[in-house]
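Chemist: Make the full structure from the sequences, and use the hints.
Mind the numbering: the sequence shown is residues 1 to 374 in the working numbering, read in order.
Incorrect hints may appear among the rest.
Unchecked claim - Straight-line distance between alpha carbons at most 25 Å, and here's what the computed DSS-like set of lysine-lysine pairs gives:
{"no.": "1", "residue 1": "160", "residue 2": "148"}
{"no.": "2", "residue 1": "68", "residue 2": "191"}
{"no.": "3", "residue 1": "162", "residue 2": "100"}
{"no.": "4", "residue 1": "68", "residue 2": "371"}
{"no.": "5", "residue 1": "357", "residue 2": "139"}
{"no.": "6", "residue 1": "258", "residue 2": "276"}
{"no.": "7", "residue 1": "54", "residue 2": "371"}
{"no.": "8", "residue 1": "63", "residue 2": "338"}
{"no.": "9", "residue 1": "139", "residue 2": "160"}
{"no.": "10", "residue 1": "357", "residue 2": "338"}
{"no.": "11", "residue 1": "148", "residue 2": "100"}
{"no.": "12", "residue 1": "263", "residue 2": "219"}
{"no.": "13", "residue 1": "148", "residue 2": "45"}
{"no.": "14", "residue 1": "219", "residue 2": "207"}
{"no.": "15", "residue 1": "54", "residue 2": "104"}
{"no.": "16", "residue 1": "338", "residue 2": "148"}
{"no.": "17", "residue 1": "349", "residue 2": "338"}
{"no.": "18", "residue 1": "172", "residue 2": "148"}
{"no.": "19", "residue 1": "162", "residue 2": "131"}
{"no.": "20", "residue 1": "54", "residue 2": "207"}
{"no.": "21", "residue 1": "148", "residue 2": "131"}
{"no.": "22", "residue 1": "371", "residue 2": "338"}
{"no.": "23", "residue 1": "45", "residue 2": "104"}
{"no.": "24", "residue 1": "219", "residue 2": "371"}
{"no.": "25", "residue 1": "172", "residue 2": "104"}
{"no.": "26", "residue 1": "258", "residue 2": "299"}
{"no.": "27", "residue 1": "162", "residue 2": "104"}
{"no.": "28", "residue 1": "258", "residue 2": "148"}
{"no.": "29", "residue 1": "299", "residue 2": "263"}
{"no.": "30", "residue 1": "63", "residue 2": "139"}
{"no.": "31", "residue 1": "160", "residue 2": "131"}
{"no.": "32", "residue 1": "338", "residue 2": "68"}
{"no.": "33", "residue 1": "191", "residue 2": "162"}
{"no.": "34", "residue 1": "160", "residue 2": "54"}
{"no.": "35", "residue 1": "68", "residue 2": "148"}
{"no.": "36", "residue 1": "207", "residue 2": "45"}
{"no.": "37", "residue 1": "219", "residue 2": "258"}
{"no.": "38", "residue 1": "131", "residue 2": "63"}
{"no.": "39", "residue 1": "45", "residue 2": "63"}
No lab work stands behind these hints, which were simulated from the structure alone.
Fair warning: this is a prediction, and the values are worked out from it, not measured in the lab.
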Amino acid sequence: MFETILFDVDGVLLSEEHYFDASALTVWEMLISSNYLGLEPWHYKTDYHQEEIKEIRETVFEKDQVLKFLKSRGLNANWDMIYLSFCHQLIHLLSQIREKEAEKINRWCQAPINREVLVEIGAVLNNYDVKLDFGLFVKEFVRSDATKQELFNYLNGLAKEKLGIETSIFHKGELWDVCEHVSQEWYVGDKHVLASTGRPSVQLGKKGFLAYETTLAPKQEIEELFLILNNSGLTIGIGTGRPELETIQPFYHLDWLKHFDEKRIVTADDVLMAEKEFPDEGALSKPHPFTYIMGHRGKGTSVQDCLDAELPLADAETILVVGDSLADLLAARELGCKFAAVLTGLSGKSARSDFEKHEADYILDSVLDIKGIL
Numbered sequence: 001m002f003e004t005i006l007f008d009v010d011g012v013l014l015s016e017e018h019y020f021d022a023s024a025l026t027v028w029e030m031l032i033s034s035n036y037l038g039l040e041p042w043h044y045k046t047d048y049h050q051e052e053i054k055e056i057r058e059t060v061f062e063k064d065q066v067l068k069f070l071k072s073r074g075l076n077a078n079w080d081m082i083y084l085s086f087c088h089q090l091i092h093l094l095s096q097i098r099e100k101e102a103e104k105i106n107r108w109c110q111a112p113i114n115r116e117v118l119v120e121i122g123a124v125l126n127n128y129d130v131k132l133d134f135g136l137f138v139k140e141f142v143r144s145d146a147t148k149q150e151l152f153n154y155l156n157g158l159a160k161e162k163l164g165i166e167t168s169i170f171h172k173g174e175l176w177d178v179c180e181h182v183s184q185e186w187y188v189g190d191k192h193v194l195a196s197t198g199r200p201s202v203q204l205g206k207k208g209f210l211a212y213e214t215t216l217a218p219k220q221e222i223e224e225l226f227l228i229l230n231n232s233g234l235t236i237g238i239g240t241g242r243p244e245l246e247t248i249q250p251f252y253h254l255d256w257l258k259h260f261d262e263k264r265i266v267t268a269d270d271v272l273m274a275e276k277e278f279p280d281e282g283a284l285s286k287p288h289p290f291t292y293i294m295g296h297r298g299k300g301t302s303v304q305d306c307l308d309a310e311l312p313l314a315d316a317e318t319i320l321v322v323g324d325s326l327a328d329l330l331a332a333r334e335l336g337c338k339f340a341a342v343l344t345g346l347s348g349k350s351a352r353s354d355f356e357k358h359e360a361d362y363i364l365d366s367v368l369d370i371k372g373i374l
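Modeler: Written out as structure tokens, the structure is:
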């Protein structure tokens with residue numbers, strides 16, 4: 001008998017499409033804008049129309065093959081996907097000037113890379129006829145068995161292979177923060193950047209996608225689901241890779257927020273704060289179970305208590321995790337609880353075979369089908 005149901009958001013309740021659009025625009029901007037590498041500043045603008053966004057996304061993520069590959073390796077955070085995609089192109093670009101600029105490349109790869117360093121790198125790259133190649137990502141990463149956060153270490157391996165240098169620069173550091181900030185500019189727009197990141201926009205003129213959220217089932221029917229669960233005495237919570245602003249505001253506009261105890265809405269902001277408090281723990285984003293442990297116990301629980309939780313949880317049989325990705329499934333497995341996979345994420349119904357392979361407890365066409373489980 002379930003007592004608690006914990007929902008992922010993207011791919012379960014709300015569409016991920018705008019996140020992937022914003023992610024592609026982020027990688028594109030950091031490669032071509034003069035605020036960053038500046039490879040094609042004449043092609044950069046802040047008001048792409050929908051067909052242009054579609055074309056950029058198909059180019060940057062190789063018709064979503066990059067996104068699907070990363071999800072298949074248990075990586076679910078858009079910021080991490082952006083970082084891996086951009087850094088891979090950066091290594092590829094530097095490999096093209098390796099022989100003539102070895103000293104500079106070595107210096108760049110031995111210290112934190114921030115926005116100013118990217119501008120410096122771009123100025124050097126623009127002295128040569130370098131080419132982007134987004135088709136290399138899957139080809140080069142598929143050679144490795146790396147999963148989840150191990151993919152970051154694989155970047156360091158690629159740097160050794162393609163640049164001939166030993167480095168540990170590719171991790172969640174200053175460059176990751178730059179990627180995160182550009183992504184937030186695109187997703188929340190000028191109006192919300194400061195509240196979202198604590199920093200002003202580097203590039204103004206972005207309206208953001210926040211006002212254009214799309215539900216993955218009729219809004220009213222999802223609300224009726226929440227009502228049924230609450231009226232049945234179940235506790236419901238959220239464990240999402242979205243930041244707090246991008247979770248709370250859409251839920252408020254959709255009139256869903258009233259169905260949740262906000263102490264059980266755990267977001268990427270909670271994860272980042274926990275990582276800063278306990279840096280030696282490494283990455284705590286899904287598939288690490290931290291997000292769902294805190295969602296289950298509530299935000300009044302200390303980070304230390306969540307990290308010290310004995311797994312599998314003693315009451316695991318009373319918990320159902322609802323998600324659309326392998327990262328959600330792996331987190332649920334570590335908790336020892338049941339997992340319901342919904343086929344409304346990036347891969348749609350074609351994800352069924354993967355969930356069957358990993359023996360998901362339930363595979364649903366829609367989040368609304370939870371009613372059938374109960």
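Chemist: Okay, which hints does this one fail, numbers in order?
Modeler: As far as the earlier hints go, 2, 4, 6, 7, 8, 11, 13, 15, 21, 23, 28, 33 and 34 are violated by this structure, in ascending order.
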